[in-house]
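> Could you put the whole structure together from the sequences, leaning on the hints where they help?
Number of protein chains: 2
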Amino acid sequence: MRHFQAFLNAHPELKTAFQHVSLGIEREGHRIKTNGDLARSPHPSAVDGSSDNKYIQRDFAESQLELVTPPVYSEEGVYHWLEAIHQVALRSLAEDELLWPSSMPPVLPEDDAIHVADLDKVEDVAYREYLVKAYGKKVQMISGIHFNFGFDQDLLEIFYQADDQGYASIKEFTTAFYLRLARNFLRYEWLIVYLFGATPSAHDSFYNRAEDIFPHPIRSIRNSHLGYVNKKDVTYTYDNLPDYVEELEANVKDGRLIAEKEFYSNVRLRGAKQARGLLETGIKYLEFRLFDIQAEEAYGIGLDDIRFMKYFILYLVWADMDCQMPDVYQGYEMKLEVAEEETLQPTAYQEEGLNLLEGMTEMVESLGVSDTLNPLIDSMRQRLLDPSLTPSGRLVTNNPTVDTWLANNLDHAKANKEAALAHPYLLGGFEDMELSTQILLADAIQQGLWIDILDRQDQLIALTYRDHTEYVKNANITGKDSLISYYLMGNKVVTKDLLQAAGFTVPKSQTFNSLDAAQAAAGLFVDKKVVVKPKSTNMGVGISIFKEGASQEGLREAFDIAFGYDDTVLVEEFAEGTEYRFFVLDSKCLAVLLRVPAFVKGDGQHSIRELVDLKNQDPKRGENHRTPLEKISLDRSAALVLEAYGYDFDSVPEADEIVPLRENSNISTGGDSIDVTDDMDPSYLELASQMAQALDVKVTGLDLMIRDRHQAAQADNYALIEANYNPMMMMHIYPAQGKGRRISKDLLAYLFPEKIFKD
Amino acid sequence: MRHFQAFLNAHPELKTAFQHVSLGIEREGHRIKTNGDLARSPHPSAVDGSSDNKYIQRDFAESQLELVTPPVYSEEGVYHWLEAIHQVALRSLAEDELLWPSSMPPVLPEDDAIHVADLDKVEDVAYREYLVKAYGKKVQMISGIHFNFGFDQDLLEIFYQADDQGYASIKEFTTAFYLRLARNFLRYEWLIVYLFGATPSAHDSFYNRAEDIFPHPIRSIRNSHLGYVNKKDVTYTYDNLPDYVEELEANVKDGRLIAEKEFYSNVRLRGAKQARGLLETGIKYLEFRLFDIQAEEAYGIGLDDIRFMKYFILYLVWADMDCQMPDVYQGYEMKLEVAEEETLQPTAYQEEGLNLLEGMTEMVESLGVSDTLNPLIDSMRQRLLDPSLTPSGRLVTNNPTVDTWLANNLDHAKANKEAALAHPYLLGGFEDMELSTQILLADAIQQGLWIDILDRQDQLIALTYRDHTEYVKNANITGKDSLISYYLMGNKVVTKDLLQAAGFTVPKSQTFNSLDAAQAAAGLFVDKKVVVKPKSTNMGVGISIFKEGASQEGLREAFDIAFGYDDTVLVEEFAEGTEYRFFVLDSKCLAVLLRVPAFVKGDGQHSIRELVDLKNQDPKRGENHRTPLEKISLDRSAALVLEAYGYDFDSVPEADEIVPLRENSNISTGGDSIDVTDDMDPSYLELASQMAQALDVKVTGLDLMIRDRHQAAQADNYALIEANYNPMMMMHIYPAQGKGRRISKDLLAYLFPEKIFKD
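Quick note, the sequences are listed as chains A and B, same order.
Everything in the first sequence is counted per this note's numbering, starting at 368 for the first residue and increasing by one.
Everything in the second sequence is counted per this note's numbering, starting at 368 for the first residue and increasing by one.
Worth flagging that the hints you see were computed from the coordinates, not collected in a lab.
Source: prediction; values computed, not measured.
Fair warning: there could be bad hints in the mix.
Identical chains blur together in the list; that is why a pair holds if it fits in one copy or across any two.
[As the list claims (entries may be wrong)] Capping the alpha-carbon separation at 27 angstroms, the derived lysine-lysine pairs in BS3-like fashion look like this:
#, residue 1, residue 2
1, Lys847, Lys955
2, Lys1122, Lys488
3, Lys914, Lys968
4, Lys1122, Lys847
5, Lys651, Lys847
6, Lys955, Lys599
7, Lys382, Lys895
In structure tokens form, the structure reads like this:
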């Protein structure tokens, strides 16, 4: 098929599929010290540094991170991934390290001080050593952004079915389709260099020879003859796949290239490890490699940049052009020329550029996406007309000297890291998911596990290490716990019976199956310390506690409430002591938390209202479970509690006076979580672990009443009051006080016992 | 404590606990042939005949079943268990066998033809052989009912705390409490013999010597000197536990008893295997052994009989009596005397009996249960005043000769078996539970697994074989499937993605997250054969099928419906073919079902209305899922379908004409289920098994569309359309047509691989 535009216009129902392309982004960047020096430390130890890590890798140098998104089907999606991976990478850096925000490296030390990446595969290290010999270290220190792009398989199938050029198979058609796109791109890639070139100059330390230094700022050193260009004797063709493969192999065979991957084209054909493999598999997608890092973008490339790249590539199909190899060779020269044009001068190919943009405008109109795309294409048109609006142009204008440029880059780097650390419990791009799933995803990225978001709303993900996949829902529902355990733990009576049968202390209880029966028996519990609770609810819902003995009236009310939630209601002996939450994973108690009702601590100066305001400024406090802790609200409940102490909101408590603002200790009403894992008799940790074993659950949160946590556990000084399935993790990871416990990472280590977890 | 009555009156809140006693019943009975002969066949092969079987055992003879309920805390509860175990036992009998409904055996063959039970433990067989020597075979052929009775532990603890007699421990107190009850019972047991004696006479073949034959019908041969009585030289005391143990051991040591269990007292002290063990454990409960089988009761004893026994025993505590050993010896003589009184003559102890009943009346008044108990006590009072109203009295009146008695017993036996077979898919006493759970429980009883009903409403049970417990909910949710599998299968998109990734054929689908997005895309599906379904519902809810191509309007409506059930809706390619349900357990496809829309088959005579009536008479058809199939309803839907054929309800279809009454094939609207497991290409069974493996689920029901089930499966002639967790089992076990597959039993065998499952 030659005329995609006409075909799509005749089949408007396919226009959505035409835009349904997979996008993946790889972004390189050097670790630097906070003083701007290139980092000489090894790859961050918090990150899995093996070649298994799918998201955080090293490129040429040990200091050079390569952040890789999975293929995603929307611009926003891939941008979100880029954000997430950046945040994890930045949070994994040593305290005194940052990520350099430019394609051109920072001030470089002598070659000897540049460490080639210390990779696990011998052949990877050997290849880098060859590159050093062939090109020197410095050019390899340039960083960039690569763009992976693949069309919808079903659409290609439809194109193939409608095609009249006699391709023998869908594979052959697809290969020809991608080759044509590659040629078209290579013909017009100069426009991307012009629009996104962001390397007008470099520090002197980058240059091997003084005479290499350009006499004026250009558009893109990275795309210039000083960037990644092959030696003159390397030959290539994109005309057809067999020739492409043969040519490439001949280069290697004759020693013009040490390996196929040394072939520095701005378009790589993807689908097999070696070119010859493509003859078998066909081309699956293309990799475009010419994009410069945009210093002002927190993740090196903006959402609009990604969007423009996507529609530019789509246009190269839509426009029905079919460039041939002479055009490609011409395009290559044009790209070099444009890259080396003086930054603030218009390009020689302005008119061709404007025509391309005009064509894109027509396309987005026809595709029905002009609302979003037209302003973007317009802004590119402005760049074409006014070079000072290009990234290089702005860099030159804003940075009169290389030193200003270095200083500004350092500022960007610091701001980027600060932003990544501001809300360490959130994972950018995934903020719509539950906090605990965000944390788990962050850890999975750090550990390099492959992530599939199976269902965002359902918090359902798949994690893969090599050939081993584990499914996780709501951050700790896994394949390790049995289906029946969910139902057993969902039934308070059964849970307690099982634990009692196993010899643990649980409060005695009586069960009622009707409100009438319960009301009739209420007399039995008058003046007794009891808890009335529905059989199957969690999180304190529908529960009434009578710590000081119940009244007939109170019981009647409690039954009314509890039967509102379940057909079966328990009256349970009130267990004396303080309530603690134990998080148990795989028979190991990893964290214990004391939950304290919302309170403020007086300073003799501020009113209670002011103290609450101050406490609420903690970034860990927020609303609606979007933060590890909740803000304290000065509502009627708080006023009632204060009243009992003779206070109101404007009272000023004395220094160090603890003023409670709630009766209940729930985190959701502003309560504090205090980690006490290391501050209790270890017998309780062992006890919790044994209880989880008795229940045959791998992940659970156990609520125990304990009289004195520093006294060893024995039958009469504790009681289990609740066993929770899918327990909260965030409050242990980011407690209000005490040591945070990264139990999400422990969970991953449990799911993948064959994998080594660093740190 | 001596005065329980006063104590309970002072603490009325304990009166419920006083009646909260554990009851267990053991009922013996011979298997007979339908002609009335004693069965000479071995123990039923469908039943697990090992000593592990908790519910269905053998007593002395191979033909003598012993049916044992677990201890249960209500009269109704224990009666329900008795019903369930009887039904399973009766259904397990060979086609030509029945259960003899009397304590006195049927016509006995010569001793040589009576087979001692062929038990798995050598010592059990040896003991029986000793009994034959000591007592002869015939007396051992008497059957009876034993009654296990235990008080609430917490109540005993309260009694103990309030006691002033200086017991050193709760164990000592409890032992004394039960010994006192035992003595009181042995003093007054004659009343039970009088009220429930049901063995006035026996067939001549029972007697070893003609001179043994009583000259007239008596009250209870079983409790007479011809029944289970020890040799004269056996000595015993219930005065205190150490003396009880020593006396018993002395009998054994001196050869007066071969084993402790040969001690035929009507009260056995329970809690340890050997008497000496009781010194360690204390007495846990008592076993009362004197109850005759009530021929008119389907399960040998009626609910009211159980209730009376319970309150009689409670009265022996309540009445504050403390009989001593002389009273016990006196009571023994009184019991023998009453047992041998002439049936229709008043008893010598009528006045004592009336006084006891009067005391019981006062007690039930005080306990607040006189509404239920008074009529019952009254009827016992009538029996006391009029011997013809006693069971023996009625037997004598109704059966002028032993032959009539034999014939009537045979009739009872036949009716009892017929009743047990009438609704084989129901388990008496558990009819409130789901059908599939009833079937599973029936199989568990047959296989002798120990059953705990953890939560009736939740259909949550525990099954135990030796030390191995498995929990089951809704009949096939077990510990074998993982928690995450439930969520994966609950998500249609994820399920299909997983199966597609594993190489299976699933219909292509598109997902929409909003009604707007779906409506906007509706145009894409016009004229296409598609299915519109919500992401997460089951059983066809919210699904629209367009077999002939969808209209714009139809799609809009379908989206409206589907989004009413879920936030995510799929449009799926309609898979051609016929739908089949595959039941897979542990990677084995055990059953395949074709579901056919409700229909009738004409006979050229009856109208459609009449044909439906006839079809609905099948006992497998009922309403609201209480039967394997549902009745066909002649409603508007049926009328519409008929209209298309030019029929109405009064049309008379021709012979063999199939007249459909529904479009959909759901069982719930009267559809037929047809087992086709053996009538399809086996490749589909293998396919289903592989799919279950790919989903990593052990129990699943897979719905496949198949073009031709006799053609081997290949990628383009089938499609998986749904994978169901917790699949229905009943329709496979009792299909409308074809072979039933007892998959519930397969499930048990899967849960307990270490156990041998017979049959």
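> Now tell me if each hint is right for this structure.
So, going through the hints one by one against the coordinates:
no. : hint             : in the structure
1   : Lys847 / Lys955  : both (14 angstroms within a copy, 23 angstroms between copies)
2   : Lys1122 / Lys488 : within (17 angstroms within a copy, 52 angstroms between copies)
3   : Lys914 / Lys968  : within (26 angstroms within a copy, 69 angstroms between copies)
4   : Lys1122 / Lys847 : both (17 angstroms within a copy, 25 angstroms between copies)
5   : Lys651 / Lys847  : neither (36 angstroms within a copy, 40 angstroms between copies)
6   : Lys955 / Lys599  : neither (62 angstroms within a copy, 64 angstroms between copies)
7   : Lys382 / Lys895  : between (71 angstroms within a copy, 18 angstroms between copies)
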